[in-house]
Amino acid sequence: MKLRTILRTSLVLFFIFGWLSCDKKTEQALSLHQIEHNALQLYYGSKGGVTITGGDGAYSFLCESSLLKAEMTHSNYIQFEPTGVGEASVTIRDSSGESLLLHVTIVYKTKHVVISGLDATVAGDAMTVAEQKKLKAEALATIPVKTGGGYRFVYNGGEERAETEGTVFIYPETYGQDGIEGTFKETVVGNDSRNVAITLYYSDTERTFVFREYEEPAVRSSPREYRAVQFAEDLTEQYQTAYPNVEQVYTSQVIGSMTTE
226 MKLRTILRTS LVLFFIFGWL SCDKKTEQAL SLHQIEHNAL QLYYGSKGGV TITGGDGAYS
286 FLCESSLLKA EMTHSNYIQF EPTGVGEASV TIRDSSGESL LLHVTIVYKT KHVVISGLDA
346 TVAGDAMTVA EQKKLKAEAL ATIPVKTGGG YRFVYNGGEE RAETEGTVFI YPETYGQDGI
406 EGTFKETVVG NDSRNVAITL YYSDTERTFV FREYEEPAVR SSPREYRAVQ FAEDLTEQYQ
466 TAYPNVEQVY TSQVIGSMTT E
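Under the numbering used here, the first residue of the sequence shown is numbered 226, with each subsequent residue one higher.
Check the hints yourself; a few may be wrong.
Said to hold, decoys possible - Below, in silico cross-link-like pairs of lysine-lysine (DSS-like), each with a Cα-Cα straight-line distance of 30 Å or less:
no.	residue 1	residue 2
1	K358	K371
2	K336	K410
3	K410	K334
4	K334	K272
5	K371	K334
6	K361	K371
7	K410	K294
8	K410	K361
9	K359	K371
10	K410	K272
11	K336	K272
12	K358	K336
Unchecked claim - Between beta-carbon pairs, the in silico distance windows are:
no.	residue 1	residue 2	range
13	V413	T466	18 to 26 Å
14	Y427	E486	28 to 36 Å
15	S320	K294	21 to 29 Å
It is worth saying that the hints were derived from the structure and are not from the lab. Being a predicted model, the structure only gives us computed values, none of them experimental. For every residue, glycine included, the Cβ atom is placed at its ideal position computed from N, Cα and C.
Turn these sequences into a full structure, and let the hints guide you.
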């Protein structure tokens, strides 16, 4: 009887220790959700963060860099606000002592815009056809770039605001070549962040483009089709003296590609 009791007790202890050992081995290692190689890139002026997974669930962090403001906004989420451009390191650990090192790179958001077409629209019921053609040609000549040229916007003033600014490089002939440097101010129009007015300042010149959809004359897009976008510049006030019957004139720079890095 005593032998049976000893065997039974030993068997129970074996299963208990086996279960605990298995549970310990299957515990997820301390890691960051959807962050590859523990490396994070942030744009200056734009907040970001990381979600911590695994470990024992009791997390803390250490960030001594002056380039980042860091705050644990949830039990497993650290929010970062960049204050400068460069590289920073953040040590993340749990209460068991397990830790990992997060590498953070902070850069200026850069937008590359290549123009694929140029157009001008002239409206005025009292204008002659000859006047409209002449004005259209004059308006087209004011566009600072040709097809294949474009703009590079560097958001070194931040980018999470209703109004921001930065440096612009204008490429008149070919994108990336012989750029003219200036500055720009980007303003959200109304409550929709997609409606943006961009004012460029360069070579003693100031001009404002509105980012909006472009639709070719006499062509109506269906909701499912790709809709082209443009930089539109209203020149109506500029030409009202020379063309008193003009009601509206604006140029269109059709955007062929727009990428952000």
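- prompt: CA of K410 to CA of K334, is that 30 Å or under?
  reply: Judged against 30 Å, a Cα distance of about 14 Å means the pair holds.
field: Restraint status (C-alpha distance of K359 to K371 at most 30 Å)
entry: holds (19 Å)
query: Within 18 to 26 Å or not, the Cβ separation of V413 and T466?
result: About 32 Å separates the Cβ atoms of V413 and T466, which means 18 to 26 Å is violated.
- request: Measure nothing beyond the straight line between the CA atoms of K410 and K361; if it is 30 Å or shorter, mark the hint as holding.
  value: holds (27 Å)
- prompt: Going straight from one Cα to the other, do K336 and K410 come out at no more than 30 Å?
  reply: holds (14 Å)
message: So if I understand the rule, the pair passes when the alpha-carbon distance is 30 Å or less; does K410 with K294 pass?
response: holds (26 Å)
field: Pair hint K361 and K371, alpha-carbon separation not exceeding 30 Å
entry: holds (16 Å)
task: Could you tell me whether the CB distance from S320 to K294 stays inside 21 to 29 Å?
output: holds (24 Å)
- prompt: Regarding the pair K358 and K371, is the alpha-carbon distance no greater than 30 Å?
  reply: holds (19 Å)
message: What's the verdict on K371 and K334, does the C-alpha distance respect the 30 Å limit or exceed it?
response: holds (25 Å)
task: Could you see if the CB distance from Y427 to E486 stays within 28 to 36 Å?
output: Given a distance of about 22 Å, which is not inside 28 to 36 Å, the answer is violated.
field: Pair hint outcome, K410 versus K272 [Cα-Cα no greater than 30 Å]
entry: Distance ~20 Å between K410 and K272 Cα, so the pair holds.
When the structure is compared with the earlier hints, violations turn up for hints 12, 13 and 14 and for no others.
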